Structure formats: C-alpha cells, structure tokens
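All chains, full assembly: derive it from the sequences and hints.
Protein chains in written order, with the working numbering: chain A, 1 to 86; chain B, 1 to 307.
Accuracy of the hints is not assured; some may be wrong.
Restricting the straight-line Cα-Cα distance to at most 20 Å, the calculated cross-link-like pairs of lysine to aspartate or glutamate (DMTMM-like) are [as the list claims (entries may be wrong)]:
#1 63/A to 203/B
#2 180/B to 140/B
#3 180/B to 285/B
#4 63/A to 245/B
Read the hints as simulated data drawn from the structure, not as lab findings.
Keep in mind the model is a prediction, meaning the values are calculated, not measured.
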Amino acid sequence: MINTIDTIREVLSSHGQMPVDVSVLSLTADLYQQGLTSHASVNVMLALEDAFEVEFPDALLRKSTFESIAAIAAALETLGIEEMQD
Amino acid sequence: MQTHEFRASLLDAGLLVNSGGDGIFQRSFTFESIVRGVESYASNAGDAPANQRFFFAPVMPLATLVSSGYAHSFPNLMGVVSSFAGSDRELPAFLGKLDTDDHWMSELTASDVALSSAACHPLFSNFSHQSIPEEGLLYEIQGVCFRHEPSIDPARMQSFRQHEFVYLGTSDGALAHRDKWIELGSDLLRELGLDVQVVVANDPFFGRAGRILANGQIEKELKFELTAPISSDAPGAIASGNYHEDHMGRVFDITILAGGPMHSACFGLGLDRITLALIYAHGTDVSQWPRDVRALLSISNSTTGPS
Numbered sequence: 001m002i003n004t005i006d007t008i009r010e011v012l013s014s015h016g017q018m019p020v021d022v023s024v025l026s027l028t029a030d031l032y033q034q035g036l037t038s039h040a041s042v043n044v045m046l047a048l049e050d051a052f053e054v055e056f057p058d059a060l061l062r063k064s065t066f067e068s069i070a071a072i073a074a075a076l077e078t079l080g081i082e083e084m085q086d
Numbered sequence: 001m002q003t004h005e006f007r008a009s010l011l012d013a014g015l016l017v018n019s020g021g022d023g024i025f026q027r028s029f030t031f032e033s034i035v036r037g038v039e040s041y042a043s044n045a046g047d048a049p050a051n052q053r054f055f056f057a058p059v060m061p062l063a064t065l066v067s068s069g070y071a072h073s074f075p076n077l078m079g080v081v082s083s084f085a086g087s088d089r090e091l092p093a094f095l096g097k098l099d100t101d102d103h104w105m106s107e108l109t110a111s112d113v114a115l116s117s118a119a120c121h122p123l124f125s126n127f128s129h130q131s132i133p134e135e136g137l138l139y140e141i142q143g144v145c146f147r148h149e150p151s152i153d154p155a156r157m158q159s160f161r162q163h164e165f166v167y168l169g170t171s172d173g174a175l176a177h178r179d180k181w182i183e184l185g186s187d188l189l190r191e192l193g194l195d196v197q198v199v200v201a202n203d204p205f206f207g208r209a210g211r212i213l214a215n216g217q218i219e220k221e222l223k224f225e226l227t228a229p230i231s232s233d234a235p236g237a238i239a240s241g242n243y244h245e246d247h248m249g250r251v252f253d254i255t256i257l258a259g260g261p262m263h264s265a266c267f268g269l270g271l272d273r274i275t276l277a278l279i280y281a282h283g284t285d286v287s288q289w290p291r292d293v294r295a296l297l298s299i300s301n302s303t304t305g306p307s
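This is the structure we're talking about:
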C-alpha cells in the first residue's frame, strides 16, 4: 500500500531543497514560508509526476498547487490519486 | 504587413543582410545609425551616475549563467563557448575529424565562457558576497545578448542589443524604479511614433514545469512588456520592466547594509527590436521619416553612414 502523504513528504525531502525536516511539517504548513523556492517547486512537480505516474495539467501548474502537503494531496486527488493506493 | 513581407523589404532595402543562419543578420550603417540614435535618446533620459554606465562584452563567465539561474530556467536558449584544448599530439586526429566527421564538435572542450544571457546578469556577479547601500545603486548597461532561437522573423534575432537601466537595493526602491521606467519608457517610445501598449508578461521558462514559474510571474505582475508592431501588425515586446524580488540578491549573495538580501529591478530596451519597430512604422527609407522622429534620434538626412 502506498501512502500518498508519505510519498509527498519523501519527494519534498529529496527535491524540495528545504532547510527543514519535512517529516515533521503539518499538512497545512506553508511550504514556501518553510523554504521551498519557486525554482525548487519545479523539481518537486516533476518528481511528483514521476512518483505517482501522473501529469499535472496546465491549470495546476501554479505555485498554489504546491503551497502545502494538503494542497499537493488535493491536486493529486483530482488526478485520481487516493490517500492510500495499492 | 506580414512578417515575411517585412523581412523581404528589409533585405531589399539593404538595411539587413542575412548572414547564412536564421536569426543572424549583418546590419547596415543606416540600420546601426537608428540603433545608436535610440541608444542616445534613451541614455539621455537616464540618471545613473557617470561612473556607473557601462558597455559589457558579448560574453561573460560561464559561472554567471548558472548563478543567475538562467541555465536552470532557459537551458534551450543559452549559448556556451567550446574550444580545442589539445596539444600538438592531439592535433592530427582533430584535423582528420574536421575534414571527415560532421560531429567534430565532440572533440572540443567546454571553456569557462558563455554568451551573455541578459545585459544585467554580469553586473550582479560584480556584487557577489557584498553589501550595497540602502539608498540603492543605479546602473546603465548595454550588452549584446544571445538567445538560441533561430527564426526567420527578424524580430527574433539570436544576437541582439539590450540597453538597461538597473536598480539594486530595497524592494520599494526596485518597484519604484521599474514602474518609473515603464511609464518613462512608454512616453519616450511613443514620442518616436510607436504605438506602445503595456502588458503583464512572463519570461519563456523552459518546458511544462516552467509554466509554474511563468504563472507565478504573471500572478505577481513582476514583468511588464512594452509592445508594438515589430515585423507585423501583431505587437511584440520592444522593452520590458522586470522586478526580480530578491532572486538576484539570493543567488548572487548580495545584501543591503541594513540587512537582508538585495532586491533589484531592470528596465531593458531591445535596441534592435525598437529599430525594426521604427522601420515598420515609418518605412525603410529613413530620409522619409517624420522630421521630429529623426531629430529625436539625431539622424541626419544622409542615409549612407552614421550621423
């Protein structure tokens, strides 16, 4: 079983270049305030697409999509990724 | 007029000569006299201190391409310099490849030099790891820039001049600088008879992922383009005002004395595009241009040389 939130945290840790421990961030913590830059969000986006085998449509290619773990999960849900996946 | 018709008229008039590759043009002295006229006209409106006005070389350190983030955001547009780094021993094999193999470029070694990505980028390198005064610094820079986007549209040259007015300092100062120049620049260009419209814009960040940066730039209204017909009735950007927030301050490690990263903004005029826009508006025979426009650009009646 793949836990979507855990996977999002893993992607943020390895691609977000953030100066904080992502595993302790709340679901609604503002990632940009925690050090996620616009340029790093580009890498995060590509890594998320890879990890979940989805493609973000243009409408979701906005800073707001990546502003929190919850926001990312909500965006993924619109692409068919549930909270827990086989 | 359609782009290909305008292009043909430029070549027929001898204003531009195609240099073999798309987007590479040789410019006649008449074309250049317009460029120089626009340069002086804009420069006279600037207020950078005399010792802070520079012409930059068409090349810059490769490191600047990476530090500025240009290589990250526009890898498809950059140009880097490679050269042969072998000795006498390697030379015969290299010469052999030159004559027989189309891929002889693979024998070259990357140098530490790149073609300039934007006029102001090397300026920020100068201030790396330094602090600047809170009242800010004003610079006027002209640079020859390279963008790898071959096109038959003369508005999209691979090598072109940017004349920039750059502010380094606080966020308030940077925004004020950008907004002042958007208005001043629009007035200056309209005085030349150009139909300038100011629009919110984004840089062409590469790829799908680049859309995040582009959308962010538009949402925050960081960039405004001054547009006008250049090579067809469809307007294109001939100048732009850009607020960098603290991006340059962070990536080049430039702080302001009061603390915190430097904010910056630049207003850049595309000298070649403005020249083309003027030709599009007033015709290929410069001697027939409106007298007041020629006067503002210090262009004499002679069309055979710079005035």
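Hints broken by the structure, by number, lowest first?
-> When the structure is compared with the hints, only number 3 turns out to be violated.
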